[in-house]
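Chemist: First to last, the sequence lines map onto chains A, B and C. FYI, the numbering for the first sequence is 15 to 225, going by my numbering. FYI, the numbering for the second sequence is 15 to 225, going by my numbering. FYI, the numbering for the third sequence is 49 to 318, going by my numbering.
It should be emphasised that the hints constitute simulated quantities derived from the structure, not laboratory data. Accuracy of the hints is not assured; some may be wrong.
In silico DSSO-like pairs for lysine-lysine, Cα to Cα no more than 27 Å straight-line [as the list claims (entries may be wrong)]:
no., chain 1, residue 1, chain 2, residue 2
1, A, Lys-138, A, Lys-152
2, B, Lys-74, A, Lys-21
3, B, Lys-101, B, Lys-138
4, C, Lys-188, A, Lys-181
5, B, Lys-165, B, Lys-152
6, C, Lys-208, B, Lys-74
7, B, Lys-165, C, Lys-283
8, C, Lys-154, B, Lys-93
9, C, Lys-298, C, Lys-227
10, C, Lys-188, A, Lys-101
11, A, Lys-21, B, Lys-138
12, A, Lys-19, C, Lys-120
13, C, Lys-318, B, Lys-165
14, A, Lys-98, C, Lys-188
15, C, Lys-298, B, Lys-165
16, C, Lys-107, B, Lys-165
17, C, Lys-318, B, Lys-138
18, A, Lys-101, A, Lys-152
19, A, Lys-21, B, Lys-64
20, C, Lys-188, A, Lys-64
21, B, Lys-93, B, Lys-52
22, B, Lys-74, A, Lys-19
23, B, Lys-52, B, Lys-101
24, B, Lys-74, C, Lys-318
25, B, Lys-21, A, Lys-93
26, C, Lys-274, C, Lys-234
27, B, Lys-38, C, Lys-318
28, B, Lys-64, B, Lys-52
29, A, Lys-38, A, Lys-52
30, A, Lys-64, A, Lys-74
31, A, Lys-21, C, Lys-208
32, C, Lys-208, C, Lys-188
33, B, Lys-93, B, Lys-21
34, C, Lys-283, C, Lys-234
35, C, Lys-156, C, Lys-120
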Amino acid sequence: MENTKIKKIIESLIFSSTSPISLKELANFFSEENIPIKIIEQIINEIQEKYSETGVILNKVSTGYRFQVSEDCNQWVSKFYPEKPQKYSRALMETLALIIYKQPITRTEIEAVRGVSVSSNIIKTLLEREWIKILGYKDVPGRPAIFGTTKEFLNSHNLVSLSQLPKLDDIIELTEQEKKQLGLLDIEENIKKNVNSDMNNDEEYNNDNIH
Amino acid sequence: MENTKIKKIIESLIFSSTSPISLKELANFFSEENIPIKIIEQIINEIQEKYSETGVILNKVSTGYRFQVSEDCNQWVSKFYPEKPQKYSRALMETLALIIYKQPITRTEIEAVRGVSVSSNIIKTLLEREWIKILGYKDVPGRPAIFGTTKEFLNSHNLVSLSQLPKLDDIIELTEQEKKQLGLLDIEENIKKNVNSDMNNDEEYNNDNIH
Amino acid sequence: MDIKSEELKEIEKINVPLAYVKGEPYLNIPKDLYLPPDALEVVLDSFEGPLDLLLYLIKSQNFDILELPVAKITDQYIQYIDLMQELKLELAAEYMLMAATLAEIKSKLLLPLVEEDSLEEDDPRAELIRRLQEYERYKKASLNLEVLPRIERDFYLPNKVSYKAIKKDEVYQNVDLEKLVVIFHKLMEQTKFLTPHDVKKDFLSVREKMTLILNLLKQDKFVDFKTLLDIEEGKSGLIVSFLAILELIKLTLIDCAQANQDSAIFIKLK
């Protein structure tokens, strides 16, 4: 198959998909045609180049390639659509921050840090938005759900991996020992683990407590 | 505003819209910028030209302009999205079961067992699929066709011979007590349950439609 | 984007108005703690719990968290709570719990300490300070999240481009053979068609053979009876073939002809 033909097909596939398409998916799709992944990658680069000056650009996110409105056109698209985007409450954003940086985390653990109860609506909204998901249930009385972030969260924020997120501010200068006492090392460990597992393109966070 | 900029914006608007965008809507949108409709029309023509050789084309439909997958890519996009697996109707399954286990068999004989008439569609489907064929015609008034299974049916189901089909004997030739001893009753129960639940969420008994 | 980070800075400055009442921004809770009742609700809403309120009280007076001046903060906090109760605002239990915690810390601090180090392990403030610091970390993180580009607020995706579905060369899905048997069984039961004699061990093989024979007969007009029997199949195979032929004759599907007693038997379709 000619490269120009492959290019057309890849364009049409990515444009008609509701979710990003990965290189692997494309390679699988073209395996019957014996098109090496190298060629596909090269063609994707060409498409990226070709669309760089148009109203939409080809972008790579955590789960693959997708077109998105180009940087300077976003404001025009926003203007064209009268409905304003949903605004999220501080409570929701704080809950999300805790889930991101302290995942895997239960609702009780979130409440412990925030000092107030977390409304079910917040959790519901985040689950519905598919920014978080239930990773499992903790093996303690009541079997509370353990939450973590999703690939969709990354995609919704133009991120490829959690490691691109701003680092938790090190507000206080603590010694390693103090950190350990305060359980702060765990936070770092968790994030590291999570980022790694994300990079490994895994599905679920592995934890002994998760069933 | 420069034409290249307007072009980018129009592209992004049409791409991000859920419904076609008309020339009038675009003209309204750009009215603040004092861009004459003539220019917009001209730009749309340029966009159409520009995308004519890509995987998506700008098409004019009754309510305006929209992008759609280009003609020659439709088959590839179709191929990319797996069709829902077909569900066979109960009527088709029963007819096929009778043809398999009681072949050679005529339609009248199938109907006698099933208690309802067999739709021509089912026979047609099975014949088209080459799972059954007409073995001959019975020497009785009306000379009805006699059906039997084909090699194709065996091949497509990974069988060498019909004798490899799950045995009916095991299920029915044992007394209740023997079955109990062998734990077959439980199996049967399960099977029955399955069949029942199938009947419930499946098509109705008399529905001869396959799709 | 720039606007967003500006916003963030403002939030961080803490001087962001707590509320607007009749267009007037309230930057701080007034010293006398008087606020119009309507506004107080708004103010309360703007705090994400007792830790947030405490953090506000500390920051608004430029105190260091680590130096947590419990006496002052406690007084302010409790005054604040009192006022809210006076106004019969529904107060989350967590606010009351914090008031109690503060009062407890304050009373402990009033007791003479053996050593006066600021942050000893047995400093009654230590736990609260730790919680405040931890909360502050995540509060900041949440503000950082707010400025991340977000889908359908800061950037947009093209809508799914439609395509014309083209039917593929149909690959037929196989039927579930197990299910097939069960369906057949059920049918037999329903129609009481099933008698012990109907189902023999060779039931299927005879049936299958009948079909095979009919197939053969379709191709050639006359077939020698012997060619229908394959020695390779062994004794049981021969019996099956023979039964199949008998069954076909019985069903009047085939004719059987023999010129004379010793000559070959020929079979043909009826």
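Chemist: Now look at each hint and say whether the structure bears it out.
Modeler: Hints and how they fare:
Of the supplied pair hints, the one linking Lys-138/A and Lys-152/A holds, its CA atoms being roughly 19 Å apart against a limit of 27 Å. For a cut-off of 27 Å, the pair hint linking Lys-74/B to Lys-21/A stands: about 24 Å separates their Cα positions. Taken as a hint, the Lys-101/B and Lys-138/B pair is honoured in the structure, with Cα atoms around 17 Å apart against an allowance of 27 Å. Distance restraint check for Lys-188/C and Lys-181/A: the Cα-Cα separation of roughly 10 Å lies within the 27 Å cut-off, and the hinted pair is therefore satisfied.
For the given pair, Lys-165/B sits about 22 Å from Lys-152/B by alpha-carbon distance, which is consistent with the 27 Å threshold. Taken as a hint, the Lys-208/C and Lys-74/B pair is honoured in the structure, with Cα atoms around 17 Å apart against an allowance of 27 Å. Our distance criterion of 27 Å between C-alpha atoms is met by Lys-165/B and Lys-283/C, whose separation comes to about 24 Å. Annotation: proposed proximity of Lys-154/C to Lys-93/B is violated, straight-line Cα distance about 72 Å (limit 27 Å).
For the hint pairing Lys-298/C with Lys-227/C, the CA-to-CA distance comes to about 31 Å; that exceeds 27 Å, so the pair is violated. Distance restraint check for Lys-188/C and Lys-101/A: the Cα-Cα separation of roughly 18 Å lies within the 27 Å cut-off, and the hinted pair is therefore satisfied. Simply put, Lys-21/A and Lys-138/B have alpha-carbon atoms about 41 Å apart, too far for the 27 Å limit, and the pair is violated. With a C-alpha separation of about 74 Å, the suggested pair Lys-19/A and Lys-120/C falls outside the 27 Å cut-off, and the hint is violated.
This hinted pair checks out: Lys-318/C and Lys-165/B have alpha carbons roughly 23 Å apart, not beyond 27 Å. Our distance criterion of 27 Å between C-alpha atoms is met by Lys-98/A and Lys-188/C, whose separation comes to about 25 Å. The straight-line distance between the Cα atoms of Lys-298/C and Lys-165/B is roughly 25 Å, inside the 27 Å bound, and the hint therefore holds. Proposed proximity of Lys-107/C and Lys-165/B is contradicted: the alpha carbons are some 84 Å apart, above 27 Å.
A threshold of 27 Å between alpha carbons decides the hint, and for Lys-318/C with Lys-138/B the separation of about 25 Å falls inside it, so the pair holds. The suggested pairing of Lys-101/A with Lys-152/A is violated, with an alpha-carbon distance near 31 Å, which exceeds 27 Å. Between Lys-21/A and Lys-64/B the CA atoms are separated by roughly 15 Å; this keeps the pair inside 27 Å, and the hint holds. A distance of roughly 40 Å separates the Cα atoms of Lys-188/C and Lys-64/A; the hinted pair therefore is violated under the 27 Å criterion.
Between Lys-93/B and Lys-52/B the CA atoms are separated by roughly 40 Å; this puts the pair beyond 27 Å, and the hint is violated. Of the pairs offered as hints, the one joining Lys-74/B and Lys-19/A holds, with about 24 Å between alpha carbons and a cut-off of 27 Å not exceeded. For a cut-off of 27 Å, the pair hint linking Lys-52/B to Lys-101/B is broken: about 53 Å separates their Cα positions. As the CA atoms of Lys-74/B and Lys-318/C are separated by approximately 64 Å, the hinted pair breaks the 27 Å bound.
Between Lys-21/B and Lys-93/A, the direct Cα distance comes to roughly 16 Å. Compliance with the 27 Å bound is thereby established for this hinted pair. Between the alpha carbons of Lys-274/C and Lys-234/C the distance comes to roughly 38 Å, so the proposed pair goes past 27 Å and is violated. Proximity of Lys-38/B to Lys-318/C is assessed by CA-CA distance (about 76 Å); at most 27 Å being required, the pair is judged violated. A C-alpha spacing of about 18 Å is found between Lys-64/B and Lys-52/B, which places the hinted pair at or below 27 Å, so the restraint holds.
For the hint linking Lys-38/A to Lys-52/A, the alpha-carbon distance of about 11 Å falls within 27 Å, and the restraint holds. For the proposed pair Lys-64/A and Lys-74/A, the alpha carbon gap of about 15 Å is at most 27 Å, so the pair holds. Note on Lys-21/A and Lys-208/C: the hinted pairing holds, with a Cα-Cα distance of about 18 Å set against a maximum of 27 Å. Restraint check for Lys-208/C and Lys-188/C: the C-alpha separation of about 36 Å exceeds 27 Å, so the hint is violated.
With a C-alpha separation of about 32 Å, the suggested pairing of Lys-93/B with Lys-21/B is violated against the 27 Å cut-off. For the suggested pair Lys-283/C and Lys-234/C, the alpha carbons sit about 33 Å apart, so the restraint of at most 27 Å is broken. Proposed proximity of Lys-156/C and Lys-120/C is supported: the alpha carbons are some 15 Å apart, at most 27 Å.
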